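Participant: Listed below, chain by chain, are the residues.
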Amino acid sequence: MVSLAALAGLAVSFAADLATGPAMLPLGAVLRVLAGQADDPMLTAIVLHLRLPIGLMAAVVGAALGVSGAVMQTILANPLASSYTLGISAGAGFGAALMIVLGGMLPVADMWAIPFGAFAFAGVACALVAGVGRLRGATPELLVLAGIACLFLFQALLSLLQFLASPEALQMIVFWLFGSLMRASLAKAAVVAAVLALVMPVLLRDAWQFTALQLGDDRARGLGVRVDALRLRAFVAVSLLTGAAVAFVGTIGFVGLVAPHVARMLVGEDQRHLLPASAVLGALLLSAASVASKLILPGTVFPIGIVTALIGVPFFAWLVLAAGRR
Amino acid sequence: MRVELDELTVRYGRRDAVRSVSLAAAPGRVLAVIGANGSGKTSLLRAIAGLVPHGGTLRWDGAATPPSGSVGYMPQDNAARAALSVFEVVLLGRLRSLAWRVAPDDLAAAAAALDEVGIGDFADRRIGELSGGQRQLVFLAQVLAGDPRVLLLDEPTSALDIAHQLQVLGLLRAATIRRGLTTIAVLHDLNAAARFADAVAVMREGALVGLGPPGEVLSVTLLRAAFNVEAAIAAGPDGRPVVVPLRVVDRA
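So the protein lines, in turn, are chains Z and B.
If you want this note's numbering, it's the position in the first sequence, counting the first as 1, plus 76.
In terms of this note's numbering, the second sequence has 38 at position 55, counting the first letter as 1, and numbering is strictly consecutive.
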């Protein structure tokens, strides 16, 4: 029931995303274009070439961030964990900035070099945190500390790069860090969707193990979970998901933190339901934020990274307070 | 399943938490492990559960490793922040066989365990809403749902009120006999150990200093040696010993 409502919400938000923009289109026209029944070439071009990539990108990136947040919160037993709060996005930001600063020195076009740098350093950040986990007796608390250390490390490195960068590069870095869907393309959306399609079944196969981990490491071990191996697998999955999501659109906070929380309130903690629900809600949140980013100042598209937090924080505060009252 | 420990040792860095403990636990019987804080009880139990590496040998009906899923372990900490229902928590006891679509066998085993422990009524409640005593019953149902042959429990009754203590220990004893379990429980309460266990193992500074039926093992001298406590021991209404701690004595 709840999942159907969330899916319907996503469909509405996705359609609204295609309809809004500098030129507001009627929903019916958008649907006709999607069904291949429109004869206005202008309309078709706007919907299919300009807005569809952005709409799809918002959905797949939101889904990837939602799932990676849910997995992080589960394996670290911490409701504040997400790839943003634990430095993985910061690692990606540093990787992207590094490529921007090095720009031109590499035999690869910026369009792919920057995402690659972001993806690679998201992996490095994940490996750093997971590396601490390989130490004997690493507890979830220790991993969270390692993640926060990782956040500060990459933020410092990023500041260093910004300090050293040329004014043009600095501007590019700052804009990249805002997070924006404007760089979306169908090919990029397909890459993120492919990563999602690859990682999701692997995560879902471990769904019961993740659920058992909610009861604490010791009890999970007693139930037969190989906790360290499970954490390592999960870190690899998170690194792939976050890397792919952040690589193309920049750092977008908040979705990875909130989507799992909302999902948990709706479907509970059984990971067979929580993981898919986090994906759908992450997609819905980012899609709705994409619509909002176009409506705040008509004619201007706000960077989505700014919008998610500006709109998301009051929403989240309301949600937490409402749940507390119940 | 008969569990035999031969010269079992657990070492953390340079410190020996458990020193050369040898004992055997038999099916259908409850063995209580008692001793002062830091005497190595929990380390001993965790070593048997396979959660910490150990020296010496462990035998399961003569074999070096127990059959998969035959050992149920209940840790001491029963905090639960998870937004899981009681039924889901008990179902997790079947983790080794749980598939995406839960099999009827697993559902039936979880329901049976809930009934066995007498908490069928709150199957739908969230684990986080329950009191500590109720949670302990849920975790007991969880470990029973896995159909273990050996049950390892770390202080199953600490932090419970006396009614829940009696309830948990009574259920444990009944399940041990009915299912033919080999039960090893770390207990803090000497009188609970005396009443509910068939044998007690007394630990001091990592070593075993007493082993046998409660009536034979619990003596004034042993309590002074193991706990640094002067105690009086009387015969209870069921003939088992009742320990009355009187005062702390200086270590000789």
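Since the hints were derived computationally from the structure, they do not count as laboratory data.
Hints are supplied without guarantee of correctness; some may be wrong.
[Stated by the list, open to error] Using C-beta positions, here's what the derived DEER-type ranges look like: (1) Ser3/B / Leu211/Z: 27 to 35 Å; (2) Arg108/B / Phe239/Z: 50 to 58 Å; (3) Gly153/B / Ala270/Z: 53 to 61 Å; (4) Leu211/Z / Asn20/B: 24 to 32 Å.
[Unchecked claim] Some chain Z residues flagged as far from chain B (calculated, every beta-carbon gap over 10 Å): (5) Thr215; (6) Val250; (7) Trp284; (8) Ala288.
Note that the structure is predicted; figures quoted are calculated from it, not measured.
From the three backbone atoms N, C-alpha and C, an ideal C-beta is built for every residue, glycine too.
Participant: Could you tell me which of the numbered hints above are not met by this structure, giving the numbers in increasing order?
Facilitator: 7, 8
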